[in-house]
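> Residues per chain, in single letters:
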Amino acid sequence: MSTPILQVKNLGMRFGGIKALDDLDLDVNSGEIVALIGPNGAGKTTFFNCVTGIYNPTQGDVVLTPPGTPAIRLNGLKPNQVAEKGMARTFQNIRLFQKMTVLENVMIGRHCRTNSFILGAILRNTATRQEEQETIHKSYKILQKMGLEKHANDLASNLSYGAQRRLEIGRALATEPFLLLLDEPAAGMNPQETQELIKLINLLQREGQSILLIEHDMKLVMELSHRIFVMDYGRRIAMGTPEEIRNNPVVIKAYLGESADA
Amino acid sequence: MISLKESKRSALVSLWFMFLTFPIMVIKVDAIEKTIIWRWENMFYVGFGSFILSIFGRIFFERQKNRREKQLSEKIQQHNLIQILLREPKYLYPLAAAFFLFALTFPHLFSTYQINVMTTALMYVVLGLGLNIVVGVAGLLDLGYVAFYAVGAYSYALLNFHFGMTFWMVLPLGALLAALFGVLLGFPVLRLRGDYLAIVTLAFGEIIRLVMENWNAFSQGPSGISNIPRPGLLGFDLTLNQAITYLYYLMIVMVLITIFVVNRLQNSRLGRAWIALREDEIACQAMGIDKTKTKLTAFALGATWAGLVGVIFAAKTTFINPASFTFLESAIILAIVVLGGMGSILGVILGAIILILLPEYLRALSDYRMLAFGAIMVSMMVFRPQGLISNVRRHYQYRPQKGEQE
Amino acid sequence: MLRVFLWSGGMEYFIELFFSGLTRGSIYALIALGYTMVYGIIGLINFAHGEIYMIGAFTSYIIATVLSIYGFPVLAIVVLAGFAAAIWSSAYGFTIEKLAYRPLRHAPRLSPLISAIGMSIFLQNYVLLAQTSDFLAFPELIPDFDFMEPVAHIVGTTDLVIILTTAAAMFGLTLLIKFTRIGKAMRATSQDRTMAMLVGINVDRVISMTFIIGSALAAIGGILIASHIGQINFYIGFIAGIKAFTAAVLGGIGSIPGAVLGGFVLGLTESFATGYVSSDYEDVFAFGLLVLILLFKPSGLLGRADIQKV
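Chains as they are written, first to last, in our numbering: chain A, 14 to 275; chain B, 434 to 839; chain C, 31 to 340.
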């Protein structure tokens, strides 16, 4: 078995006296779709925040191994450094740049892969112009993949809900991640939009994109994931293939509550 | 259009304001002479004025609400006349040419006094555009902008006083020093949340002014520095009138350079990062943008313009003292940016011209100038937060590259 | 160096500075309460709060002068001028909130702050134009008490009255917030505005009440400081406002005991710094302190650090 591209060991996060994450292990292999599920408040988003540098975990290791390079310990890195290393994310409560156009939102994702700075901006020399053209080009390609190219010059705030979620994925893809983290990508979508999302994620996976996703929509999770991790109260309570998870009594108990025993 | 119920409500509002302003507006006492002047006419003005304003305010809100509902249902982006004019080169170029011609011939058409006033207005245009980078584009509320202006002005005054350096030597140096101050100040404070940042920059601005006021050995204290030379022109001796005209043209060039640079910055990789940072800091970082570095460049670039104009200010007035660099000065520049429309270059130019020229020409208004600044800032935020001219995002054209089938 | 400064005036000088610091601190605390209450409830730095205090001082000056010209007895003047200042300041606070802040409740965070700065500039110039730009000699409202005679060279009667009044106001406020209905509603609203609304609290009214109470406290501060310093003008609100804000941040903005503690710490610091080091840089000390706290401990002495939600 190849080494996992993301390896999380003994991850712990405390807020004051509250343990939001407790001794959590998780790994993602190259080309895999991994789902992280669990009841509301289990600590899934906190996990994402710890992994992507928004919080600094109080315990444990987050190790990223980009293909063909040595492993990097991510603890203590800033979110922008994490993105640079090749891990990008979306947000549960959509955080687009509302007053920028759809295309510009994606172009922001290209920021960490481009270099022009003050002088380049003022002089607009050949290198800058080429870089800018390339940014537009690549961003537009991503919009086409997301099916949003018609809205390229609309404001992001004018998109429909499902389209905004897709734009968030597109923006994250623009940073050229080898691991994509999706935080409840299907939340608030109607069945048709969810179906389109499943198609999109499938397409990305076929292109070799590794994905770690948090989701409540079990149909989506079961259909897409290779492996599933289940969390409750900040701890990992189960791990396995969709089939194994579906029949795991611990998972059923966590979701249905103690009364399921009775 | 106005129902009886509405006018009754407005009448109540006006009664309330008559009560509210009663002690301050109506009574004027002299404790030494022991006299009281009752100014009842003021009460009438207040009552009448607030009645009218209340009716207008209500109509405005009603209309705004209707329009918003309409916009929501139709999902149409509205473009006003000015924006259409700006997008079409057919209209834009002749208009710009006409303005430019007017600006060039201005000194020959008007008196020295008018030229001086116009030069001041142009200085505020540049200051506004500089602050616009910080506040309008990057969303960092800087209430101590005047400190960088002071750095520029004092650089010229002191370097000239002690070392005899000329205007042209100090101009880039002043800008550089201001930028350096921007970085030094920005580095520790830029991690603060928006409103805390505002207060800290205000405090820094005041500290710099207070130090200038009290450190006599360095800055000659409140009495200031006088006899600062005007800028030279290749060794020619200029008469006062010529010097004023010369400064005017200098400012025109400065404004053009500023517009050029600011425009290019806004539509660049860096400019997009600033806007993204203003919109959502966390998402911005998660997309790989270095928050500190990006904020710092905005702060330093904004400060650079203030430093440049500071040098020119010292050269123009030939005398500076700390009283020119109070918080109110920062507030005026902020009002220009807010009135014009945060992030919009044309808006800021318009804002500067309105706020600086109007009180100059309407002498009657000049006493009420600061009152109007305050009122404008409040009402702009309440009624038209996007400013006179709202910023429209640039539309990028996608061109398929060679060898692609599209 | 420092040691020379420290005992240059002896014990008596030290005590004098200490009481002068307490007096300043009381007034900063009174104004700081308004900042902290408003911030706790709507998260806004009410930049115009210093102006409310200035208007309180002017109102009491005007009313007191009118009454004394009509020959009212001293006690009646003090009480009536105090009431008038509190009532009008509250009315201004209430109106400002309705006009300049309420329409912006869902606007981006910086909009109400810019609106507040505008309001502050407006009010300064309103008083400047309607009254005067000169310094006005504020009448000595509080007569010297006889029993204070032996210590009068160290602690004046005014100082004593200021400290006592402040203590009483704090006590009253604490009771109000702990035990009354509106106090409970205020605490609930400051913890979670949406939730408070859902359980049937009239949030608009709570916010209005907060402004009214904060303004009344500022007005009391206004009268006290005016009779302490002996003169007022339209600009006194700006510096006092910044300093009170510093006090509020120092103690932990949003925290009521914090505002009081912050006020005293700031007052004492200023008093000793000007007394032993130099009076030229009095305001620099306050501004410097503000910068230092915000940089190193933005949550203040008694405040809680907030966790950013993502």
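There could be a bad hint or two in this list.
Rough simulated footprint, nothing fancy, chain A against chain B, three-plus residues with beta-carbon under 8 Å [what the hints assert, rightly or not]:
id: 1; region: 694-700
id: 2; region: 758-764
With a cut-off of at most 27 Å between alpha-carbon atoms, the simulated DSS-like pairs for lysine-lysine come out as follows [to be verified]:
id: 3; chain 1: A; residue 1: K91; chain 2: B; residue 2: K498
id: 4; chain 1: A; residue 1: K91; chain 2: A; residue 2: K163
id: 5; chain 1: B; residue 1: K498; chain 2: A; residue 2: K212
id: 6; chain 1: A; residue 1: K232; chain 2: B; residue 2: K724
id: 7; chain 1: A; residue 1: K112; chain 2: B; residue 2: K726
id: 8; chain 1: A; residue 1: K98; chain 2: B; residue 2: K523
id: 9; chain 1: A; residue 1: K163; chain 2: A; residue 2: K98
id: 10; chain 1: B; residue 1: K498; chain 2: A; residue 2: K112
id: 11; chain 1: C; residue 1: K327; chain 2: A; residue 2: K32
id: 12; chain 1: A; residue 1: K98; chain 2: B; residue 2: K498
id: 13; chain 1: C; residue 1: K327; chain 2: B; residue 2: K498
id: 14; chain 1: B; residue 1: K498; chain 2: A; residue 2: K151
If you are wondering where the hints come from, they were derived from the structure by calculation, not from laboratory data.
Beta carbons are placed, not taken as given, at the ideal position from N, Cα and C, and that holds for glycine.
> Would you mind marking each hint as holding or not holding in the structure?
Going through the hints against the structure:
no. : hint            : result
1   : 694-700         : holds (count 3)
2   : 758-764         : violated (count 0)
3   : A:K91 / B:K498  : violated, 42 Å
4   : A:K91 / A:K163  : violated, 34 Å
5   : B:K498 / A:K212 : violated, 40 Å
6   : A:K232 / B:K724 : violated, 38 Å
7   : A:K112 / B:K726 : holds, 22 Å
8   : A:K98 / B:K523  : violated, 47 Å
9   : A:K163 / A:K98  : violated, 31 Å
10  : B:K498 / A:K112 : holds, 21 Å
11  : C:K327 / A:K32  : holds, 24 Å
12  : A:K98 / B:K498  : violated, 47 Å
13  : C:K327 / B:K498 : violated, 43 Å
14  : B:K498 / A:K151 : violated, 40 Å
Violation of the numbered hints given earlier is confined to hints 2, 3, 4, 5, 6, 8, 9, 12, 13, 14; the remaining hints are satisfied by the structure.
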